[in-house]
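S.K.: Using the sequences and the hints given, assemble the complete structure.
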Amino acid sequence: MADAETNLPGTSAVEIKNDPRVPAELNNNVFITTLDKIYNWGRKRSMWPMLFGLACCAIEMICTAAARYDLARFGWELMRPSPRQADLMIVSGTVTKKMVPQIVRLYNQMPQPRYVIAMGACATGGGPFKEGYNVVSGIDKFLPVDVYIPGCPPRPEALMHGFVKLQEKIEKQSLRTVSWYQPGGDDVVPVPMLGPDMVDLRRSAEIAEKTRA
Amino acid sequence: MAEATTPVPPAAKTAARAEKAEKKLVITLATMTPEMMSLQEHFGADLIQPAPNEGVLIADSARLADVALFLHDELHLESIANATATDYVKEGYIELVYHAQHITGGLPLCFKTRVPRGDADTVGLPSLTPLYPGVEFQEREIYDLYGVRFNGHPDLRRILLWEGFNGYPMRKDWHEAYYEQDTKPYDSRWPGGTHRLAEERVPWADNVNYPPNFNPDEYKGIPDAGLYDTMRAEAPTGGPTDTPFLATGIQTDELIVNMGPQHPSTHGVLRMVVKLDGETITDLKLVLGYLHRNHEKIAERNTWLHNIPFTDRLDYITGMPNEMGYVQGVEKLMKIKPTERADYLRVIMCELTRVASHFWSIGFLLNDLGAFYTPALYFITEREFVMDLFDEITGSRMMNNYMRFGGVARDVTPAQFERIRYLVTDRFPKAIDEMERLLSDNEIVRARTIGVGYLSADRCVAYSVTGPVLRASGVPYDLRRSDPYSLYDRFDFDVPVLYGGDVYDRYRVRVLEMRQSLRILEQALAQIEQTKVGDIQAGKKAYVHRVPAGEVYSRVETPKGELGFYMVSDGGQNAYRYHVRSASFINLTALKEMTVGMKVADAVVILGSLDIVLGEVDR
Ligand code: SF4
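Residue numbers (the working numbering), protein chains in the order written: chain A, 1 to 213; chain B, 1001 to 1619.
Warning: the hint list may mix true and false statements.
Label pairs and their computed distance ranges (CB to CB) [to be verified]:
1. G184/A x L1255/B: 31 to 41 Å
2. S179/A x R1437/B: 35 to 45 Å
3. G1192/B x K210/A: 30 to 40 Å
4. S179/A x T1122/B: 48 to 58 Å
5. K210/A x E1163/B: 17 to 27 Å
6. T1122/B x K210/A: 43 to 53 Å
7. T1122/B x S46/A: 57 to 67 Å
8. D1388/B x I38/A: 52 to 62 Å
9. G184/A x R1427/B: 31 to 41 Å
10. D1182/B x P183/A: 49 to 59 Å
In the BS3-like style, the derived pairs of lysine-lysine whose C-alpha atoms are separated by at most 27 Å in a straight line are [unchecked claim]:
11. K210/A x K1172/B
12. K1184/B x K130/A
13. K1220/B x K210/A
14. K1332/B x K141/A
15. K165/A x K141/A
16. K1172/B x K130/A
So, partial list: chain A residues that the calculated Cβ filter (under 8 Å) puts toward chain B [as the list claims (entries may be wrong)]:
17. G53
18. L54
19. R84
20. T94
21. V104
22. L106
23. V145
Keep in mind that the hints were calculated from the coordinates and are not lab data.
Since the structure is predicted, the reported quantities are computational estimates derived from the model, not experimental observations.
Just so you know, even glycine gets a beta-carbon here, dropped at the ideal spot from N, CA and C.
M.R.: See below:
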């Protein structure tokens, strides 16, 4: 069951056959590859998304995971209700100011490596409700987003396409450079606060400056 | 094109538009119905006057409770369907609007009263919660968004926003950070404008606004004191931590647990705060607003037509009935009627939605019972057939944007009718049979649901509960029958009623309703043959609608219950006031009474049986 991706140059079965490092009787059982490749190959096929829906887009997310579109074909179906067990957050819907602190807290609780997909117009940039007083203009103002999926709501096919794009991104990562193995790579996002309006604590100096009467 | 026309300064244009609107504002007083007359007779013509457009006006807001008592006890208006407010900023008052109704059907009685804007959050007016517990959340919403104080309300706190939020956002003179102009189309965009991103116009490049001298570093946040303190205050004397439990000296703690807003069972971003004694729930409070998307404020800026797609996103499982309620209301104001074919198409779409929505809700009820996802898969598969049809007919699976004032957007082809017929006569009846075989006599389902979440008929009516929840408690109330709209008086169908008042009967009522929907669909599919193909729009298609001044409360029976649109037009291109009375929101008022005394695991099931959708709860 050699996977297409393992048949990359230097790893194909033919070359292994001729590799002097591999004994002849193991020729059909051993693959030689790089650590990055095997690491990424394993990760990208077993993403555990967080079971977490915000608005209308969540309904399409549920449909994508259901029998007809069957996300399980890609190894993505194991939705975990606990952020501790998840490594992908799908922000599926309108992000409101009241909800932002919880979303950021959930993100911080996810173990690294963690990824974020912004699903739909709302999570991407505010969507139809952008002008509303309780709506934030996209989750990327708070969290690092890996993949944006346009649509209102994106169709299940579009969501799957987003997943594939994320796989492509994961494939390109290298153990040597990924942030979570670097010293100080624990990028915890400060949780916004609810005051007279939503307060992004990273910008408190600017807020204090500009509100000075 | 933009250069050809000399641009008029936006301010002048806005002023001209406002002037025009003012001229159009003709005030017609409501005609008095017999019930209003008897009210007037009892209280005198000084206190009870005919109100502009609709209903009666109570001249002295302090006497609101007396009038309500009379309505409740003498006129037997058992429940208040809708309570809301309108801010008349020029006139300087906030008008409170209530729609009371008989549970036996008929038109609701509208009564109004006014408070000066300055007094609203200091003096306030009497709360109607002692008489009509169903207004509890609605009054909190008015307090939250309009800043009207209700004296005697048991728990008057902000509901959709958070404590400490600056201002009352639905007031007409309160402007959001991205505010550009009162009404659309904005002068910066049309005609020939060049628009700038909202982010570029505001000081923080973000959708926020702070009062002067606000220093976030010194701000400590406002604790959820109102929420937790009231729950703790009800603990037995001695405080929650040292209640002696048994004579043996074992002490138990009462535990306050938050479920949500991220929780696999809460059907979206709802937060339940429960107080537990062991596994038993002794108190429950809801925290809403995590999906408050300011639908009403945005809709008051939108043009009438512009607003149709927004209604799809209210209860995003049932887009079609939402559109129908809105479009019908505007048609009533415009005094037009859709063509017959369009009306049939609307009924067909709405009933297909009802079947799909009930499939969905039953699937997820099982989820809540612990049968995680597998049973739901069967029902989602059935729903997909409806989604495919909608996709083909309207261009979108969920957000259909199909209905128009006076008609619908597209006709249905004979081949599509054939598919609907196949679903209605073959596929769905079999699927429902299968579902019943699987569930109705299933021992686990019965053990977990019978007798759970009981709510009596009286309490349902008092809490203004509607939809399958009400009918499972033995009240035969369905707007399609009790206040018929569209073509529902042409079909032969039953209103299923059961008497258990528990989760099991709510499930059963939904099943029976699906069968009745199929019956309606069969008749509609036969009758639509007699209408003219392609005749789907009354009058000309138009993009600009001027809706005559007036006021309307239009309601439809969605799969969740009564969905009402209260709209005030001042004769312009936009609604002056637009309010959504949603079934999911008001049904939640009764959740506490259903859950107290039950186990934690049951709370999840009871919530599932209410079948709420957060888009409609928080709007
Ligand atoms: S993008 Fe559209 S469908 Fe998705 S949450 Fe926003 S409004 Fe709903």
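S.K.: Each hint should be assessed against the structure and marked as holding or not.
M.R.: Status of the hints after comparison with the structure:
1. Distance hint check for G184/A and L1255/B: the Cβ-Cβ separation is about 38 Å, which falls inside the suggested range of 31 to 41 Å.
2. Between S179/A and R1437/B the CB atoms are about 54 Å apart, so this pair departs from the stated range of 35 to 45 Å.
3. The given range of 30 to 40 Å is respected by G1192/B and K210/A, whose C-beta atoms sit roughly 33 Å from each other.
4. A beta carbon spacing of about 54 Å between S179/A and T1122/B agrees with the range 48 to 58 Å that was offered as a hint.
5. For K210/A and E1163/B, the Cβ-Cβ distance of about 24 Å falls inside the hinted range of 17 to 27 Å, so the restraint holds.
6. For the pair T1122/B and K210/A, the supplied restraint of 43 to 53 Å is violated, since their beta-carbon distance comes to about 31 Å.
7. Remark: the range hint 57 to 67 Å for T1122/B to S46/A is upheld by a beta-carbon distance near 60 Å.
8. Taken as a hint, the range 52 to 62 Å is violated for the pair D1388/B and I38/A, whose Cβ atoms sit roughly 41 Å apart.
9. The hint said 31 to 41 Å for the Cβ distance between G184/A and R1427/B, and at roughly 58 Å that hint is violated.
10. Taking the beta carbon of each, D1182/B and P183/A are about 54 Å apart, inside 49 to 59 Å as hinted.
11. Taking the CA atoms of K210/A and K1172/B, the gap is about 26 Å. The hint holds against a cut of 27 Å.
12. This hinted pair checks out: K1184/B and K130/A have alpha carbons roughly 15 Å apart, not beyond 27 Å.
13. Pair hint K1220/B plus K210/A holds up; C-alpha atoms about 19 Å apart against a cutoff of 27 Å.
14. About 43 Å separates the Cα atoms of K1332/B and K141/A, which puts this hinted pair outside 27 Å; it is violated.
15. This hinted pair checks out: K165/A and K141/A have alpha carbons roughly 21 Å apart, not beyond 27 Å.
16. For the hint linking K1172/B to K130/A, the alpha-carbon distance of about 19 Å falls within 27 Å, and the restraint holds.
17. Contact between G53/A and chain B, as hinted, is supported at the beta carbon level, the nearest pair being about 6 Å apart and thus within 8 Å.
18. Residue-level restraint check for L54/A holds (minimum Cβ-Cβ distance to chain B is 6 Å; threshold 8 Å).
19. Given the 8 Å rule on beta carbons, the hint for R84/A is violated: about 12 Å separates it from the nearest Cβ of chain B.
20. Because the beta carbon of T94/A sits about 5 Å from the nearest beta carbon in chain B, less than 8 Å, this interface hint is met.
21. For V104/A, the interface hint is violated, the least distance from its beta-carbon to any beta-carbon of chain B being 12 Å, above 8 Å.
22. Interface hint status for L106/A: upheld, as the beta-carbon distance to the closest one in chain B is roughly 6 Å, under 8 Å.
23. With a least beta-carbon distance of about 16 Å to chain B, the hint placing V145/A at the interface is violated under the 8 Å criterion.
Of the numbered hints listed earlier, those contradicted by the structure are 2, 6, 8, 9, 14, 19, 21 and 23.
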